[in-house]
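Starting from the structure of chain X, add chain A where the hints point.
As you go down the protein sequences, you meet chains X and A in turn. Going by the working numbering, the first residue of the first sequence is number 475, and it counts up by one from there. Going by the working numbering, the first residue of the second sequence is number 117, and it counts up by one from there.
Hint data in this document are derived by calculation from the structure and do not stem from the laboratory. Be a bit skeptical, because a hint or two may be false.
[As the list claims (entries may be wrong)] Quick list of in silico lysine to aspartate or glutamate cross-link-like pairs, EDC-like style, CA-CA up to 20 Å:
no.	chain 1	residue 1	chain 2	residue 2
1	A	K189	X	E485
2	A	K310	A	E297
3	A	K162	X	D626
4	X	K542	X	D503
5	X	K656	A	D178
6	X	K644	A	E145
7	A	K177	X	E496
8	A	K177	X	D492
9	A	K155	X	E652
10	A	K177	X	D521
11	X	K630	A	E134
12	X	K644	A	E297
13	A	K192	X	E485
14	A	K177	X	D503
15	A	K189	X	E496
16	A	K123	X	E652
17	X	K656	A	E159
18	A	K189	X	E525
19	X	K656	A	D152
20	X	K542	X	E634
21	A	K162	X	D606
22	A	K162	X	D492
23	A	K177	X	E518
24	A	K162	X	E607
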Amino acid sequence: MDIVVKKIVREVKRGNQDAFAELVDLYKDKVFHIAYRMLGNAHEAQDVSQEAFLRAYTNIESYDENRKFSTWIFRIATNLSIDRIRRKKPDFHLEDQVSGTDNLDYHSQFAADIDLPEDQVVKLEMQQWIQDEIMALPPKYRSAIILKYLEDLSLKEISEVMNLPVATVKTRIHRGREALRKRLGQA
Amino acid sequence: MACTRDKQQVINQYLDEEMTLLESKQFEEHLHSCPDCEKHVRELKKTTAIIQSASHFEAPKDFTAGVMDRLPKQSKTKRWQQWIRRHPIVLTAAVFFLVFVTSLSAGFGAEEEIVVRGDGHFIINESERTVVIPEGSAIQGDLFIRNGDVEVNGEVAGDITVVNGRHLQASSAQISGDIEEINQTFEWLWFEMKTLWNDAVPFLTPASEEE
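Just chain X, same shape as in the assembly (with noise of 0.2 Å):
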C-alpha cells in the first residue's frame, strides 16, 4: 500500500495530472467522512474534502514522503474544516421560530416523512443523534474524538495530524470523551 502510494506520489511530482485521480480514489471517503463530521452536512463536506485534495495537489511538493499521505492529507482536511466552522455564521436551531410567521419553528418546514420501514427510522434517528453529539463538542474535542474512534487512528497518528504533542492529544480525546459521556451516558 504504502509503495503503490509512494509510486504514485512521485508519478504526480513528475507532472502526472492523471496520477493524482489514483490518489483521490485512494483517500476520498476518508477524506470525506472527517470532513462530514466535523461539518455535520453532506454538501459542506463534499466542499472541503475537494478543497483539501486540491491543496495537496498544489503543494504536493511540501508533501514529506517518508511520512504517510493519509496523514498529510487528513491534515489538511481537518485545518480546513476547523477554517470552516470558525467563518461559519451561528447555527440555526430547528426550534427557533422562522420569520415573518406566528409560531412556526423550522420543524413545520420540512415535508412529512416518507415511510420507511421502522428499524431503519430507528437507525437513522440514532446515526443523525450520534451525529448531533459529535456537533455539540468544541471543534479542537471534535477532530480528536473522530480521529480516534471513527478513524481508529493511533494517538501518534493523530498528534502528527493535529500537530500537537501526544500529551496534548490524550487531554483533548479526556475531555471531548467527559463530554459527550455527561450527554450520552445516560441515555
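Relative to the frame of chain X, chain A by itself:
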C-alpha cells in the same frame, strides 16, 4: 463521577489501556467497592461504543471527477512530455526515423565527395566528377561509384553500380557484369537493403558469389 480527582486520571489510564496487568486488577477491585467510579467507567465505555457505532460515509460518486476538473490546467508542452514518457516506443521510432532519414540524405547528398570502390587502375577527375577507366586497364571484380559519373574505356570484370551519377561507355569497353544506375532515393534504399541482406546472409546467395 469518580470518587476523587485522582481516580478520574486513573479511569482514563484504565480505559486507554495504559496500565500494567497488576494495576488494572487493583483498579477493578476498587470498582467493585466504589459505585461512583463503577458508574463513571460504565458510562464512558458506553459512550465510546455509541460513537464507534457511527456509520461510515462514502464520498459521492462524482467526487474524483470533481477534483480533477478543478486542478490547474497543464501547459501543452508538459502534457506532451507526459505523453512521450508514457509512450516511449513512439520516441524510439521517431529517433530511429530521424537517424534513418539523416543517413539517407548523407548517402544521397549532391555535395558529397566521389566514392569509388573497385580493384584496379582508374583515374578520378574531381572537377568534372568523373571516374575514368582508361583504355587497356582492367578492374578485377565489381566497380562501385557514388556521387559521380563513370566513363569506361577499359575492362571491368564484374558489375558496375553508379549511385547519383551516370555511366558512359566507349566502344572499346568490355564489361562482363550488369550496369546499374541508381538516382532515386527509393532505388538507393532498395540497393542498400539488398546489399545488407547479401552481406548478412551470404549463404543464401551462393550463386552470385561464385560468378
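Hints, one by one, checked against the model:
1. With a C-alpha separation of about 17 Å, the suggested pairing of K189 of chain A with E485 of chain X holds against the 20 Å cut-off.
2. At most 20 Å may separate the alpha-carbon atoms for a hinted pair to count; K310 of chain A and E297 of chain A meet this at roughly 15 Å.
3. Taken as a hint, the K162 of chain A and D626 of chain X pair is honoured in the structure, with Cα atoms around 17 Å apart against an allowance of 20 Å.
4. Of the supplied pair hints, the one linking K542 of chain X and D503 of chain X holds, its CA atoms being roughly 17 Å apart against a limit of 20 Å.
5. The hinted pair formed by K656 of chain X and D178 of chain A fails the criterion: a straight-line CA distance of about 39 Å is larger than 20 Å.
6. As the CA atoms of K644 of chain X and E145 of chain A are separated by approximately 25 Å, the hinted pair breaks the 20 Å bound.
7. Restraint check: the Cα-Cα separation between K177 of chain A and E496 of chain X comes to about 14 Å, which is no more than 20 Å; the hinted pair holds.
8. About 18 Å separates the Cα atoms of K177 of chain A and D492 of chain X, which keeps this hinted pair within 20 Å; it holds.
9. Distance hint between K155 of chain A and E652 of chain X is fulfilled; the C-alpha atoms sit about 13 Å from each other, no more than 20 Å.
10. Restraint check for K177 of chain A and D521 of chain X: satisfied, since their Cα atoms lie roughly 14 Å apart, inside the 20 Å limit.
11. A C-alpha spacing of about 14 Å is found between K630 of chain X and E134 of chain A, which places the hinted pair at or below 20 Å, so the restraint holds.
12. A threshold of 20 Å between alpha carbons decides the hint, and for K644 of chain X with E297 of chain A the separation of about 92 Å lies outside it, so the pair is violated.
13. At most 20 Å may separate the alpha-carbon atoms for a hinted pair to count; K192 of chain A and E485 of chain X meet this at roughly 18 Å.
14. The suggested pairing of K177 of chain A with D503 of chain X holds, with an alpha-carbon distance near 10 Å, which does not exceed 20 Å.
15. Restraint check for K189 of chain A and E496 of chain X: satisfied, since their Cα atoms lie roughly 18 Å apart, inside the 20 Å limit.
16. A C-alpha spacing of about 14 Å is found between K123 of chain A and E652 of chain X, which places the hinted pair at or below 20 Å, so the restraint holds.
17. For the given pair, K656 of chain X sits about 9 Å from E159 of chain A by alpha-carbon distance, which is consistent with the 20 Å threshold.
18. Simply put, K189 of chain A and E525 of chain X have alpha-carbon atoms about 16 Å apart, close enough for the 20 Å limit, and the pair holds.
19. Taking the CA atoms of K656 of chain X and D152 of chain A, the gap is about 14 Å. The hint holds against a cut of 20 Å.
20. Between K542 of chain X and E634 of chain X the alpha-carbon distance is near 10 Å, which keeps this suggested pair within the 20 Å criterion.
21. Simply put, K162 of chain A and D606 of chain X have alpha-carbon atoms about 17 Å apart, close enough for the 20 Å limit, and the pair holds.
22. For the suggested pair K162 of chain A and D492 of chain X, the alpha carbons sit about 45 Å apart, so the restraint of at most 20 Å is broken.
23. The suggested pairing of K177 of chain A with E518 of chain X holds, with an alpha-carbon distance near 16 Å, which does not exceed 20 Å.
24. At most 20 Å may separate the alpha-carbon atoms for a hinted pair to count; K162 of chain A and E607 of chain X meet this at roughly 14 Å.
In summary, the structure is inconsistent with hints 5, 6, 12, 22 from the numbered list given earlier, while agreeing with the others.
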